[in-house]
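Asker: Chain order of the listed sequences is A and B. Be aware that the first sequence starts at 6, since it is given in the working numbering, and climbs by one per residue. Be aware that the second sequence starts at -9, since it is given in the working numbering, and climbs by one per residue.
A hint or two may mislead.
[Claimed, not checked] One side only, chain A facing chain B, incomplete, derived with CB under 10 Å: (1) Met81; (2) Ile105; (3) Glu119; (4) Leu122.
To be clear, the hints were calculated from the coordinates, so they are not data collected in a lab. Owing to the predicted nature of the structure, the values given are computational and were not obtained by experimental measurement. Ideal placement from N, C-alpha and C gives every residue a C-beta, glycine not left out.
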Amino acid sequence: MTPPHEPEDEGAYRPRLIRSYTITAGRTATSVDLAMEATLRLQAGAEAPVLSPSAAQVLEVCDRRSVAEVSALTKMPIGVTRVLLGDLIEQGLIRIQATITDKSSTDERLELIERTLRGLRNY
Amino acid sequence: MDFETTKAQRAAASTKIVIAGGFGVGKSTLVGAVSEIDPLRTEALVTNESEGVDDLAAVPTKATTTVAMDFGRLTLAEDLVLYLFGTPGQRRFWFMWDDLCRGAIGAIVLVDVARLDESFSPLDYFESKGIPFIVAVNEFDGVPRYPAEEIAAALALPADVPIISLDARDREQAKGALVKITEYSLMRLRESLTVNAN
Chain A
6 MTPPHEPEDE GAYRPRLIRS YTITAGRTAT SVDLAMEATL RLQAGAEAPV
56 LSPSAAQVLE VCDRRSVAEV SALTKMPIGV TRVLLGDLIE QGLIRIQATI
106 TDKSSTDERL ELIERTLRGL RNY
Chain B
-9 MDFETTKAQR AAASTKIVIA GGFGVGKSTL VGAVSEIDPL RTEALVTNES
41 EGVDDLAAVP TKATTTVAMD FGRLTLAEDL VLYLFGTPGQ RRFWFMWDDL
91 CRGAIGAIVL VDVARLDESF SPLDYFESKG IPFIVAVNEF DGVPRYPAEE
141 IAAALALPAD VPIISLDARD REQAKGALVK ITEYSLMRLR ESLTVNAN
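Chain B extracted, bound-state conformation (with noise of 0.2 Å):
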């Protein structure tokens, strides 16, 4: 009894999944689509001198500006919720995304095909932090499809990072591309005993 309490406590009750990408890429809309809840916003304020760091060195005097994230919430079971962070999109606000990175399963980046180059720098981030992530191709109407092979190619994406293509809209589909980042990054980690137990 006292065991299966203990358990129970240090079994994680909540975990988060983070959604990157270029300015109006569709990352609210993905949240939107999937969350039980109207999206909600957080803010954290930043000090112009700084770019942040500790969001309430923010000392009346210094110049200061607020970075927004909105964020959604799945109830999974009783005794797990998963939240969805969209990132900041600007460059100078990453240094919030160690915070919303911290203890992730993974990311999805979604990408605007007409606009590749802004999912680069989301991209260069994670690869260098280690944190799995699958991309995901947010297919507006009327743009045209490129094979998942080319834009692969085109964003220089590991050989192994899935790509996915969706519309972020859809509930079902965006819950296809939650469960493939989970998929991809329970795989990941399973690859890493194997590596280790070698």
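With the rest of the complex left out, here is chain A (with noise of 0.2 Å):
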């Protein structure tokens, strides 16, 4: 018995909108919060389980890359690409690295723009 949908493949075949939807079986929020410019890394050890194929190119190209990368280099809009990593780090198959939020300390602040600055007046 296989499925009567499977919507990863059929996607594949259909205008993007469409795939967008479907690639993430309907979902649009994700419980990890994902700024643009947060970084992934692949969890080392971690067993790959199977995948969809949207999910495997996403996991294939994240290491040491920004959410916006990631989304750029798969062509897959900001949204679909956000759920996609959600669901590759709540599987254990990469972390997020941290970047400043509303929730980061004003030591944290000064600490990330002192080391931004020493950086750019060295790049």
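With the hints as a guide, dock the two chains, each given alone in a separate frame, to form the complex.
Answerer: Okay, here's the thing in structure tokens:
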């Protein structure tokens, strides 16, 4: 018995608007907060389960890259990319590296801006 | 050892600066001048009915459009990457700005003196959100140069907002603008500490 509907496979042959909607199974949000500039790292030793082609593509390109870069490189809209990355994080295959958020302390902000300034002056 | 690991993981590994301004003012040029990669483009889906909010709410029956954002990347250290995001120009895409500006160090508003009015909206946005910004006048060849005070007055800029002029095609000048907004953002943050302490 095969399932009556395989969204991932079917989506690939349709215009992107439909594909975008189907590859995330209609989901529009993740439980993980993913800033555009947040960078991803592959988790060492994680065993990859069988992934949809889209999720596999995201996993393939995401190491040391930002959410925005993954979206650009996979040519998937930012919202779709976020959902797929959120799944991979929840599966323990990747982790998100820290960025400054609304919850960051002033010390964390100062530290980041100072490091950025040093880096820019030497860039 | 464990402590070091934890601390390293908590420190931000990436950050961003937003490049705003009217259409054709040179946002992508500036990003391209300093980025270590060819600028990339990411897209968000927008439903025309709601003007966005949720780019995935794009069910096939609804009229949808995409909004594109160009960005570049600068590796500043082994453990720090800076991204530069150009804002989508049109006013109706402003819902994307909140997403782009969340957690940003600050913004550079690029200005073309021949079309000053196009920078009013971005300036209003950053002022109202309390996001640190500087104004960078992009001086194309042959464009008449005005004193910074005149431009600041025409834009009704708050007195402490830095205003610089640059050629957005020039790597060093573009880099100078990034240093300027970062310094200004740092100064603003330190000032806020002083005010709170008093």
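Asker: Next step is simple, just say for each hint if it's right about the structure.
Answerer: Checked hints:
no.: 1; hint: Met81; in the structure: 9 Å, holds
no.: 2; hint: Ile105; in the structure: 4 Å, holds
no.: 3; hint: Glu119; in the structure: 7 Å, holds
no.: 4; hint: Leu122; in the structure: 5 Å, holds
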